[in-house]
Amino acid sequence: MPRHKIGRLAYNLRENAYTMRVPFDYHIHTSFSRDADATMETMCRAAMEAGIPEIGFSDHFDMVPEDPCSSYFKADAWWHAFEHCRDAFRGSLTLRAGVEVGEPHLFPTQVERLLDSYPWDYCMGSLHWVGDRRIFDPAYFERPAEEAYGAYFEELTRMVRVGIFDILGHMDIAKRYGYDAYGSYDPATYESQIRRVLREAASRDLAIEVNTATLRRSVQQTTPDRKVLCWFRQEGGRWVTLGSDAHTPEQVGHGLDQALRDAIQAGFHHLARFEGRRPFKWSVAGGGSTT
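FYI, our numbering numbers position 85 of the sequence shown as 88, with every residue one higher than the one before it.
Since the hints were derived computationally from the structure, they do not count as laboratory data.
Heads up, a few of these hints could be off.
What the hints assert, rightly or not - What follows is a list of derived Cβ distance ranges for each label pair: (1) Arg-161 to Gln-237: 42 to 52 Å; (2) Arg-281 to His-83: 16 to 26 Å; (3) Tyr-121 to Glu-149: 38 to 48 Å; (4) Lys-230 to Lys-284: 21 to 31 Å; (5) Gly-239 to Arg-281: 17 to 27 Å.
Positions of the beta carbon are idealized from the N, C-alpha and C atoms, including for glycine.
Modelling step: build the complete structure from the supplied sequences, incorporating the hints.
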């Protein structure tokens, strides 16, 4: 797959053009996730090749016993590798310590213990299971679309209400696989349920990730898309982050220009950078950070 330098892109509101760099990619997996093989160092070099100045590692921390990634994450070893890379790339690439927690609302004690034990920059909460069904499995969609998506958004609402995390990851990821099962996906069909999720997220001052993995699949939308980002802003949402959900070096930074464009067109003039689990505004127009 050919690589494309995207890091010099960013949006200048006055010129109505992309003139500066995409600021970060906060969703990168490494060999500390069961479904990825590349080392942290390899992913760092891929980010530098793509021209991205800041990345966040967010390997899977999953606790559903049936999940293939369950019990795979080793926090002490992860932190040892992270600190080594942070020192090795200091001055060339900014690294953020993140973790993607699956179903945090079902395992709050374990999640809080993990978050209290290390100096994380952010925790991303993601929903991969609805009841005893994994949304990556075709069997989840062997029912009417309204039922499959409805159950997903109901469970997502419950997850957001528990909180614990800082960023809501790929909030309508079900479409990544549902699109192939049903042949289409329009968030407007589920607007009331999606807005309920967004209101809960906004009320807790959570960030929404604009995930670009779906641009690598047939659905060809960011997750969520611009329409849902508009709803998030209307519901009082303040924070948006960008993530490629990269599991290979070639995927680092993929589609972030589209994600940035969607966020801007939805009315967000700042993105959220994280440090010490605190969000900081990154100005789309000026390219700087403020609290």
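Results of checking the hints against the structure:
{"no.": "1", "hint": "Arg-161 to Gln-237: 42 to 52 Å", "in the structure": "violated, 22 Å"}
{"no.": "2", "hint": "Arg-281 to His-83: 16 to 26 Å", "in the structure": "holds, 24 Å"}
{"no.": "3", "hint": "Tyr-121 to Glu-149: 38 to 48 Å", "in the structure": "holds, 41 Å"}
{"no.": "4", "hint": "Lys-230 to Lys-284: 21 to 31 Å", "in the structure": "holds, 23 Å"}
{"no.": "5", "hint": "Gly-239 to Arg-281: 17 to 27 Å", "in the structure": "holds, 19 Å"}
Violated hint: 1 only; the structure is consistent with all others.
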